[in-house]
Amino acid sequence: DTEVTQTPKHLVMGMTNKKSLKCEQHMGHRAMYWYKQKAKKPPELMFVYSYEKLSINESVPSRFSPECPNSSLLNLHLHALQPEDSALYLCASSPDALAGGRSYNEQFFGPGTRLTVL
Amino acid sequence: AQSVTQLDSHVSVSEGTPVLLRCNYSSSYSPSLFWYVQHPNKGLQLLLKYTSAATLVKGINGFEAEFKKSETSFHLTKPSAHMSDAAEYFCVVSDRAGGSQGNLIFGKGTKLSVKP
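So the protein lines, in turn, are chains A and B.
Going by our numbering, the first sequence opens with residue 43, and the numbers climb by one from there.
Going by our numbering, the second sequence opens with residue -11, and the numbers climb by one from there.
Chain A extracted, bound-state conformation (with noise of 0.2 Å):
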């Protein structure tokens, strides 16, 4: 199994749900990653998790909710959220993780979620 899986591939959601956006990978990889991609602009880096431990948050509203329940799941939890957090979310995956959670090598991604908030 060579790619990174995410689910659902829509959702829409009011600002008083509460959600969870799920990514797996079977690579074996160690590093698991969370992106928030805007319209017509590159990914931004929101969350990494390295050997299944949260190493990088990139200043992320709490409302956003990372979680590694073991080397293959990422799960995202969402509340409260604002119209403004709508976008693609990003998983992505690497097989390696320098300290600190970075790596250099290339990153697999899976396809995404389109979130909406109402």
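Treat the hints as calculated values from the structure; they're not laboratory data.
Careful, some of the hints might be misleading.
Calculated pairs, DSS-like style, for lysine-lysine (alpha carbon to alpha carbon, straight line, at most 27 Å) [to be verified]:
(1) B:96 x A:83
(2) A:82 x B:96
(3) A:83 x B:37
(4) B:56 x A:51
(5) A:80 x B:56
(6) B:30 x B:103
(7) B:30 x A:64
(8) B:30 x A:60
(9) A:82 x B:37
(10) A:61 x A:95
(11) A:78 x B:103
(12) B:99 x A:82
(13) B:37 x A:78
(14) A:64 x A:51
(15) A:61 x B:30
(16) B:37 x A:80
(17) A:95 x A:60
(18) B:30 x B:96
(19) B:30 x B:56
(20) A:82 x B:103
(21) A:51 x B:99
(22) A:78 x B:99
(23) B:37 x B:96
(24) A:78 x A:51
(25) B:30 x A:82
(26) A:80 x B:30
(27) A:95 x A:51
(28) B:99 x A:80
(29) A:51 x A:82
(30) A:83 x B:30
(31) A:83 x B:103
(32) A:78 x B:96
(33) B:30 x A:51
(34) A:78 x B:30
Given chain A, work out where chain B should sit, using these hints.
Chain B alone, transformed into the frame defined by chain A:
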């Protein structure tokens, strides 16, 4: 500090003609360089990567790129465009050493349009 500049925000070519997407980078250390493609409402797919081996890198779907250290460039080319190449392309740099080692820096993207 690292940075990436994609010199064209939009490139339009006719099907069957060559493609050139330009990327310049700056890096304090030996960089890794990548080109990713993103089709509408899809994730990013790695086209090719340079990690200090051969300077001419061949990727998927007939794309290739040449690392030119003297020009700090990593331009993406394809001899003959296909309609399915229409997408957004991102040039990405990552330092292989130093304080920002492993930090991926994305260019702003180049939208490639292919006319029949």
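TODO: Run the structure past the numbered hints and jot down the numbers of the failing ones, going up.
DONE: 4, 5, 11 and 19
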